[in-house]
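If you read the sequences in order, they're chains E and X.
When we follow my numbering, the leftmost residue of the first sequence carries the number 1, and every step to the right adds one.
When we follow my numbering, the leftmost residue of the second sequence carries the number 1, and every step to the right adds one.
These are computed hints drawn from the structure, not numbers from a lab.
Glycine included, C-beta positions come from ideal geometry on N, C-alpha and C.
Warning: the hint list may mix true and false statements.
Claimed, not checked - Computed Cβ-Cβ distance ranges for the label pairs, DEER-style: (1) 338/X with 13/E: 53 to 61 Å; (2) 438/E with 130/X: 31 to 39 Å; (3) 327/X with 244/E: 26 to 34 Å; (4) 327/E with 297/X: 54 to 62 Å.
As the list claims (entries may be wrong) - Listed below are the simulated DSS-like cross-link pairs for lysine-lysine, each with C-alpha atoms no more than 27 Å apart in a straight line: (5) 224/X with 301/E; (6) 126/X with 233/X; (7) 224/E with 301/X; (8) 360/X with 126/X; (9) 360/X with 224/X; (10) 224/E with 224/X; (11) 99/E with 15/E; (12) 301/E with 126/E; (13) 233/E with 331/E.
What the hints assert, rightly or not - Beyond 12 Å from chain X on every Cβ pair, some chain E residues (computed): (14) 168; (15) 374; (16) 450.
There are 2 protein chains.
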Amino acid sequence: MSIVETLRAALSSEKVVSEGPLLEERRHDYWVLSHLDDVQDRPAPRPGCVVQPATVDDVVKVVNACREAGAPLIPFGLGSGVCGGVVAHEDAVLIDMSKMNAVRFIDRTNLLAAFDAGKNGGEAEKEVSRRGLTIGHWPQSIDVSTVGGWIATRASGQFSTGYGNIEDIVYSIEAVLPDGSVIEAGKAPRASAGPDLRHLLLGSEGTLGVITGVTLALRRAPEKSARAAFFAKSMADGFEAQRAIIQSGWQPVVLRQYDALETHRLFPESARGDDVLLLVVHEGPAGKVAAEVDGVSAIVKDAGLDEGPLEAVGQWLKDRNHVPTWEAFLKNGVVLDTVEISATWDKIGAIYEGVVASLKEVPGLLAGTAHSSHVYRTGINLYFTFAARPDKPEDMAATYEECWRRIMEATAAGGGGVSHHHGIGRVRKNYLRHDLGDAGIEALRTIKGALDPTGFMNPGVLLPDRTFSLGKEKVGKKKP
Amino acid sequence: MSIVETLRAALSSEKVVSEGPLLEERRHDYWVLSHLDDVQDRPAPRPGCVVQPATVDDVVKVVNACREAGAPLIPFGLGSGVCGGVVAHEDAVLIDMSKMNAVRFIDRTNLLAAFDAGKNGGEAEKEVSRRGLTIGHWPQSIDVSTVGGWIATRASGQFSTGYGNIEDIVYSIEAVLPDGSVIEAGKAPRASAGPDLRHLLLGSEGTLGVITGVTLALRRAPEKSARAAFFAKSMADGFEAQRAIIQSGWQPVVLRQYDALETHRLFPESARGDDVLLLVVHEGPAGKVAAEVDGVSAIVKDAGLDEGPLEAVGQWLKDRNHVPTWEAFLKNGVVLDTVEISATWDKIGAIYEGVVASLKEVPGLLAGTAHSSHVYRTGINLYFTFAARPDKPEDMAATYEECWRRIMEATAAGGGGVSHHHGIGRVRKNYLRHDLGDAGIEALRTIKGALDPTGFMNPGVLLPDRTFSLGKEKVGKKKP
Chain E
1 MSIVETLRAA
11 LSSEKVVSEG
21 PLLEERRHDY
31 WVLSHLDDVQ
41 DRPAPRPGCV
51 VQPATVDDVV
61 KVVNACREAG
71 APLIPFGLGS
81 GVCGGVVAHE
91 DAVLIDMSKM
101 NAVRFIDRTN
111 LLAAFDAGKN
121 GGEAEKEVSR
131 RGLTIGHWPQ
141 SIDVSTVGGW
151 IATRASGQFS
161 TGYGNIEDIV
171 YSIEAVLPDG
181 SVIEAGKAPR
191 ASAGPDLRHL
201 LLGSEGTLGV
211 ITGVTLALRR
221 APEKSARAAF
231 FAKSMADGFE
241 AQRAIIQSGW
251 QPVVLRQYDA
261 LETHRLFPES
271 ARGDDVLLLV
281 VHEGPAGKVA
291 AEVDGVSAIV
301 KDAGLDEGPL
311 EAVGQWLKDR
321 NHVPTWEAFL
331 KNGVVLDTVE
341 ISATWDKIGA
351 IYEGVVASLK
361 EVPGLLAGTA
371 HSSHVYRTGI
381 NLYFTFAARP
391 DKPEDMAATY
401 EECWRRIMEA
411 TAAGGGGVSH
421 HHGIGRVRKN
431 YLRHDLGDAG
441 IEALRTIKGA
451 LDPTGFMNPG
461 VLLPDRTFSL
471 GKEKVGKKKP
Chain X
1 MSIVETLRAA
11 LSSEKVVSEG
21 PLLEERRHDY
31 WVLSHLDDVQ
41 DRPAPRPGCV
51 VQPATVDDVV
61 KVVNACREAG
71 APLIPFGLGS
81 GVCGGVVAHE
91 DAVLIDMSKM
101 NAVRFIDRTN
111 LLAAFDAGKN
121 GGEAEKEVSR
131 RGLTIGHWPQ
141 SIDVSTVGGW
151 IATRASGQFS
161 TGYGNIEDIV
171 YSIEAVLPDG
181 SVIEAGKAPR
191 ASAGPDLRHL
201 LLGSEGTLGV
211 ITGVTLALRR
221 APEKSARAAF
231 FAKSMADGFE
241 AQRAIIQSGW
251 QPVVLRQYDA
261 LETHRLFPES
271 ARGDDVLLLV
281 VHEGPAGKVA
291 AEVDGVSAIV
301 KDAGLDEGPL
311 EAVGQWLKDR
321 NHVPTWEAFL
331 KNGVVLDTVE
341 ISATWDKIGA
351 IYEGVVASLK
361 EVPGLLAGTA
371 HSSHVYRTGI
381 NLYFTFAARP
391 DKPEDMAATY
401 EECWRRIMEA
411 TAAGGGGVSH
421 HHGIGRVRKN
431 YLRHDLGDAG
441 IEALRTIKGA
451 LDPTGFMNPG
461 VLLPDRTFSL
471 GKEKVGKKKP
């Protein structure tokens, strides 16, 4: 039997789709290079079939069938990943989790909500919000991503400075491992019961199992929120103010700092000369918010910042979950992307300068800008945006890869970590050793080899190619 | 060559101790059952030798030598573990990390401090404290444990409700894996770069590598602190008040709730009838502490609690790092221990009642009490203390195991997690599947098998015996 026949025999027939528009729609995720390939008429292949499981037992059957048949299995949520974690192949089975989207329970006593992994993030938030609760996890992609995808990519939300990243919000993870066993990782509010197996799945990007269910630790909707905006004379001044805020023990839910170019592009009516714009959102009990507004205000004044335009905060809050489309740019000959990294406070300023300077050397560069959006006691992230229009459209892929290479290499050279929250996928996999080192890569490879000895789970993602040497090989080549 | 000769050839001779009092002192950790074996004249064997490395390179040599010789290798910090994570064997090499105890750096800009893994916890805190900083991690054992041991056991400190557990405080971990490679897990303030390899080592209890260095994310010493104490009519009333505090968005650094018996035993001058005592410590910026004192006070009054004796908070703060000794009790025929578990809010009250009731059925039980000390949005821990004097001294081990069994089984039956922060070691390993399930145990076993195929790293710890069926086999039997 072919794998399609095997799957049809194991699941009901309508769950296994081997022709029609669904296959076309499931060729890849939101990675710019896959969209460029579409625009330039070298589209990624369709998967051999798309399976849409309805139950955990369905997923077990799919995993077992693919493992036994040696068929690559590609997990898919809603396809909003931006790093090439999903690129289909004619021989591959794509497991589309979006039909497994039930609310399992919402528990107001323990502030827990459990969902099937394919639950749309925005819908999940609406479900808890109706009960006076919030997940507190606000990725820009919230309306086009799944709760399972949040786990698989180790996602961050816009309010992470106050509420933590997904690893701080997740309570337990249900997944089907490559051997077909069903694991429930995470049983108690906190445990010292060996290595935390939730972290096997957080960031695994489909390579170590299929996530089928997610239980999240919620918050009550905050009693009060407040906003503030400030201008700093430079990115460095703004970073110092943010460091003072967070290291003094204040924890606004949002701290976002835009360089001057981004301020002019995104907030044209609020921009002021070469100034850097810092937006702040506070949430919590009324007394805490009031104290924090005062505390933060005093710190930023000490740091030499001026009060800024509150409208900018309102505008950001309104527009923050808009997900841009690439096609118009790509058809116009422009490649672009956003790239997030992080570093300690002492290094972030130099990395910002280094990346921006390095991008300027790319022929046809239109923009190389950044904002910060996730703050820690030890450091902060940067979220670069680049856009470039090379002279010839056939150079667009190479230009894209060159911009990525420069951001990755300048970040690593400056001592930063090469990925803050979008994950590795294909676009970053050959830079992963900057973060993990050779020994870390080998440890990960050993674990992958033990749990998935035939390597059928989302091959080509996360782990670097064995033969790759940094900077010598191009990423994104899907057709030899 | 014998393993001792091999090690002497690889390291300088004085680092390899094969006779004398050091071997006697390194037979076991602080596990009650090992102490009972000593008192009852069936002492754990001495290790074949004790190696005291001075450098990471020394550790690599020891790991490679032991792996190649097939000699069990037992990592040892300062021996304050209480679960039997260290029990020596004549054929084993014990690697004593306590001489590798340098401060590598303390970085006030990024709030980071790096130590050799063998650094004494109390000394580490003093080093950063001198610079106006704090680690914020206060296990009761702080003065008799190492920073590497904190990682290996996935420890919690007394201020975890505000400052998080060790996994929230650790920035990076350096370790020698069983294959002799040196991993540095954790490079950036936050990363989405595959599964977080720090979590391979957190809670690994010496089974997946030897931790050689630890970098911790510090805090500035708090500007202000405040204390409060309250009386509740029952454990359930106290839990509801604590739930209201934490779910309202307040986060005191300490919330400790003692049942009536513990209140009378530990705070005899403060106790009030059958009331439960709740101690609170606030720390942070002055404005936040003031707001939090008011916020918490209003919540506990709404919950029907009365103000309590502030002196009890002072007494606890003064005595909190005292580590009791077992010998006097054991020689007097009394077995005792502390056992920490956790559960969601809806389950914790019934688990408290269930465990206390179950312990009362143990012949010779003197005390079965509890306090809570670590609070989460989703639930809370319980820290049970039991003491029992069986009629015959030869029944002491069996009585000890029976008390443990009852706490583990009543916790699991009530839906709680069987270990909050002491770890698994030998005493809990056959209850681990209550938390991880069969699939989780097998996943852990697969990972262990891949990274340490010969199983030489701290054998007998963490993973349950393959042939064990719950409740049928006794733990703690070291001599057949």
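Now the hints, each set against the structure:
1. 338/X with 13/E: 53 to 61 Å: 58 Å, holds
2. 438/E with 130/X: 31 to 39 Å: Roughly 37 Å apart at Cβ, these two residues keep to the hinted range, so it holds.
3. 327/X with 244/E: 26 to 34 Å: 51 Å, violated
4. 327/E with 297/X: 54 to 62 Å: 58 Å, holds
5. 224/X with 301/E: 21 Å, holds
6. 126/X with 233/X: Status violated; Cα separation ~39 Å.
7. 224/E with 301/X: Within the cut-off at roughly 21 Å; holds.
8. 360/X with 126/X: 43 Å, violated
9. 360/X with 224/X: 43 Å, violated
10. 224/E with 224/X: 24 Å, holds
11. 99/E with 15/E: 10 Å, holds
12. 301/E with 126/E: Violated - the C-alpha atoms of residue 126/E and residue 301/E are around 38 Å apart, more than 27 Å.
13. 233/E with 331/E: 37 Å, violated
14. 168: 8 Å, violated
15. 374: At about 7 Å from chain X, residue 374/E fails to clear the 12 Å cut-off, so the statement is violated.
16. 450: At roughly 3 Å from the nearest Cβ of chain X, residue 450/E sits no farther out than 12 Å, so the non-interface label is violated.
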